[in-house]
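Asker: Take the given structure of chain P and dock chain G to it, following the hints.
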Amino acid sequence: MKEIVVISGKGGTGKTSITASFAALAGNCITVDCDVDAADLHILLNPEIKEQNRFISGKLASIDSDLCIDCGKCKSKCNFDAIRQKDNKYYIESSLCEGCGLCNFICPAGAIKFESRDCGEWYKSETKYGPMVHAKLGIAAENSGRLVSLIRDEAKKWANQIDCDLILIDGPPGIGCPVISSISGVDGVLVITEPTFSGIHDLERILELTKHFKIDTMVAVNKFDINTDNTRKIKKMCFASDAKYVGKISSDQGMVNAQMQGMSIVEYGNSKCVKEIENIWFNVKNWVEQ
Amino acid sequence: MILAIASGKGGTGKTTISTALAVAAKQKVNFFDCDVEEPNGMIFLKPESVTTEQTFSQVPQIDKEKCTSCGACESFCQFNAIITLAGRTIVMNEMCHDCTGCGYVCPNNAISFNPFKIGEINRGIHLSPDGFEINVVSGVLDIGRTMSPPLIRQVKKDIKPGELNILDCPPGSSCPMLTAVDGSDYVILVTEPTAFGLHDLSIAVDTLREINIPFGVIINKSDIGDSGVTDYCKKEEIDILLEINSMPEVAKQYSEGVNILNDIPEVTEKLQKVLEMITTDYCEVV
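Quick mapping for you: the protein sequence lines, in order, are chains P and G.
Residues in the first sequence are numbered consecutively from 1, following my numbering.
Residues in the second sequence are numbered consecutively from 1001, following my numbering.
It is worth saying that the hints were derived from the structure and are not from the lab.
Hints may be right or wrong, so weigh each one.
[Said to hold, decoys possible] Some chain G residues well away from chain P (every beta-carbon gap over 12 Å; in silico):
| # | residue |
| --- | --- |
| 1 | Gly1124 |
| 2 | Gly1172 |
| 3 | Tyr1232 |
| 4 | Glu1256 |
| 5 | Thr1279 |
[What the hints assert, rightly or not] Result set (SDA-like, lysine to any residue): computed pairs, CA atoms no more than 20 Å apart in a straight line:
| # | chain 1 | residue 1 | chain 2 | residue 2 |
| --- | --- | --- | --- | --- |
| 6 | P | Lys77 | P | Ile106 |
| 7 | G | Lys1252 | P | Thr228 |
| 8 | P | Lys211 | P | Ile180 |
| 9 | G | Lys1273 | G | Glu1243 |
| 10 | P | Lys73 | G | Thr1100 |
| 11 | P | Lys244 | P | Met260 |
| 12 | P | Lys136 | G | Lys1273 |
| 13 | P | Lys136 | G | Ile1203 |
| 14 | P | Lys77 | G | Thr1100 |
| 15 | P | Lys113 | G | Tyr1104 |
| 16 | G | Lys1157 | P | Asn79 |
| 17 | P | Lys86 | G | Pro1214 |
| 18 | P | Lys211 | G | Ile1143 |
| 19 | G | Lys1252 | P | Phe197 |
For every residue, glycine included, the Cβ atom is placed at its ideal position computed from N, Cα and C.
Chain P with its partners taken away, still in its complex shape (with noise of 0.2 Å):
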C-alpha cells in the first residue's frame, strides 16, 4: 500500500482541487483530509458518511469558582495564558489552554478540574471515487496534529480490509504540527506551488523540511503562467534539490467554476488544465510505484 500527501507550504495553491482530481483518476483508492481546521475536500468529493465518531483528544482544565481561593497561582505558572481574570474571578479561556495539567498539579484549593476534551469528529466515508477518512476540529479546539494521525491510522486500518493500494491525503498548509503528522512516513509528498515570489520563498522551506524527514518529493506548479519565469525558476530549485519536478497547471477559470459545483477539475471537464493535471498524476504515481 501507498500513502502520498499534497501539500503546498503556502495556503490557496490548489492542494484540494488537484487532491480531488487525483481521486477520480486513480480508481481504486482511499482519499483523507488532513486539513482538519480548514477542511475543503468534502465540498468536492461530496462524501456520504457513513460512521461518525467523537475525537476525544487530550484535556482541558477548567476553574470551579466556588472552590477557588483566588491566590492567582495557577495564572502566574500557566506557560499558556490561558489564564485569565474577569470581575475578579480566575477563569480558563479554553482555546488557549493546552492540556498540560499543571495548573491542576499545584492548586492548593483543588479547585482546577481536569477533563478529557473533545475536540470535533471524524467520519468514515464513501465517495463515488471510493472511501473517504475526514474530520471537523471543534471549534477552537486544540489537538489538530494527533486528529491527522488518528485519520491517517484509519484510513490504514480500512485500506487492509478492503485490500485498497493507494491513499491519497489532502494536507494542510505551513510547515508545522498538523504537517508533520500528516508526512511522517508517507512514501511521497507532492508540493503544490505557485510561481510567485511567496510561493518560492514557501516551497524552500517546505522542501527543507521534507529533507529534514527524508521523505521522497515531488514538486508540481500551480497557475504557471502567472510568471514564467519563476516557474522556470522553481524547476531549477527542483534540479538543484533532490525534488522531482513533475509538471506544471495553467491558470485557469474552470478551476473555480468546477468548486463552485462541487466537482473536481477532471470531472467538470472542458478544460485545458484537465490534460496537464492528467500527466502530473501520471507521473506522480509511475515515481511512487519506483
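Answerer: Same frame as chain P, but now just chain G:
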C-alpha cells in the same frame, strides 16, 4: 489598537491586505508577521537594518545522578515527551509543549530546564512612501519544529498597546491562529467568494464568536466566484468592510514580491476608511 488579519482559508490575500493596511495607515505602525510557519510579510515590506534574535522554548533536562526513574514526570506529561525506559528517563524535545510541569512533579528535584531553539524573530524598519515608520517584527519557525504557538507568543511581546499594531495571522482556525488573534481588538477576515472560501470563513467566524472578538470581512478577488459569501454575511449580520476585484496587474506584481495595492488611489482610500471605522468604533486608544 491591535488589529489582526486572519482568513480560515489560506492564499486569500491576508499578507497583501495587511501590508497594504500598514502602508495606508499613514501613521507609525507596528507590523507583526505571526504566520511563523510561512512568513511572507517581509517580502512585501522589505524592512531595513534587520536584526535577528534567536528564540527558545524550555525543555526539561534530567539530572542522571538525582533521577530514580520513578516515572512521575512521564505519567504527568500529557504530550508523551518523556519516556522512562530501562532505568533511564528520556526527553523528546520535539514533543515538549514547554509547560514545565515535569519540573514541579519530580520528587527528586532532578529536572532543570534548558533552552531549545524553535525559531528566530527578525526586526527591521520599513519607511512608507509617505515617510511613516513601519516596525516590522517577523517570526520564523525553524524547519522541523512543531510548536508555532510559543514563537507567536514571543513575536507578540513587541505589541505596543498605545500604537497601531497590525498582525498578519496564520491560516486555519486552530492553535496557531487562536494564539495569533488572542487579545486583538478586532479581526479582519480576508476571504474569497468561492465554496472553499465560504466554508473556511464560516469556521473562522464560529471561532471568533466563541472567543468573543469582533470582526468584519474583506472579500478579495470578489469577481471570481458567486454571491455565497455575501449572502452568508448578510444572513449572519457580518460587516463586509471591502470588496476588491481581482486585478491581473496586482497578481503579476505580487508574483514578483511587490504589493501595488497602495498605488491604486481608490483602494488605498477604501483601506483608510476601513481603518478609520475600526479604530474609532473598536478601540478607546488608537
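Asker: Against each hint, give a clear statement of whether it holds in the structure.
Answerer: Tested hints:
The claim that glycine 1124(G) lies off the interface holds: its Cβ sits roughly 16 Å from the closest Cβ of chain P, which is beyond the 12 Å cut-off. Some Cβ of chain P comes within 12 Å of the Cβ of glycine 1172(G); the nearest lies about 4 Å off, and the non-interface call is violated. Consistency note on tyrosine 1232(G): stated as away from chain P, and its beta-carbon is indeed over 12 Å from all of that chain's, at 14 Å minimum. Not every Cβ of chain P is farther than 12 Å from the Cβ of glutamate 1256(G); the closest lies at roughly 6 Å, contradicting the non-interface assignment.
Under the 12 Å C-beta cut-off, the non-interface status given to threonine 1279(G) relative to chain P holds; the minimum distance is some 25 Å. Simply put, lysine 77(P) and isoleucine 106(P) have alpha-carbon atoms about 9 Å apart, close enough for the 20 Å limit, and the pair holds. About 11 Å separates the Cα atoms of lysine 1252(G) and threonine 228(P), which keeps this hinted pair within 20 Å; it holds. Simply put, lysine 211(P) and isoleucine 180(P) have alpha-carbon atoms about 12 Å apart, close enough for the 20 Å limit, and the pair holds.
For the hint linking lysine 1273(G) to glutamate 1243(G), the alpha-carbon distance of about 13 Å falls within 20 Å, and the restraint holds. Restraint check: the Cα-Cα separation between lysine 73(P) and threonine 1100(G) comes to about 14 Å, which is no more than 20 Å; the hinted pair holds. A threshold of 20 Å between alpha carbons decides the hint, and for lysine 244(P) with methionine 260(P) the separation of about 32 Å lies outside it, so the pair is violated. With a C-alpha separation of about 36 Å, the suggested pair lysine 136(P) and lysine 1273(G) falls outside the 20 Å cut-off, and the hint is violated.
Straight-line distance between C-alpha atoms of lysine 136(P) and isoleucine 1203(G) comes to about 10 Å, which keeps the hinted pair within the 20 Å bound. Annotation: proposed proximity of lysine 77(P) to threonine 1100(G) holds, straight-line Cα distance about 9 Å (limit 20 Å). A threshold of 20 Å between alpha carbons decides the hint, and for lysine 113(P) with tyrosine 1104(G) the separation of about 18 Å falls inside it, so the pair holds. Pair hint lysine 1157(G) plus asparagine 79(P) holds up; C-alpha atoms about 14 Å apart against a cutoff of 20 Å.
Proposed proximity of lysine 86(P) and proline 1214(G) is supported: the alpha carbons are some 18 Å apart, at most 20 Å. Distance restraint check for lysine 211(P) and isoleucine 1143(G): the Cα-Cα separation of roughly 10 Å lies within the 20 Å cut-off, and the hinted pair is therefore satisfied. Among the hinted pairs, lysine 1252(G) with phenylalanine 197(P) is consistent with the structure: their alpha-carbon atoms are about 10 Å apart, no more than 20 Å.
Consistency with the previously given hints fails for numbers 2, 4, 11 and 12, ordered from lowest to highest.
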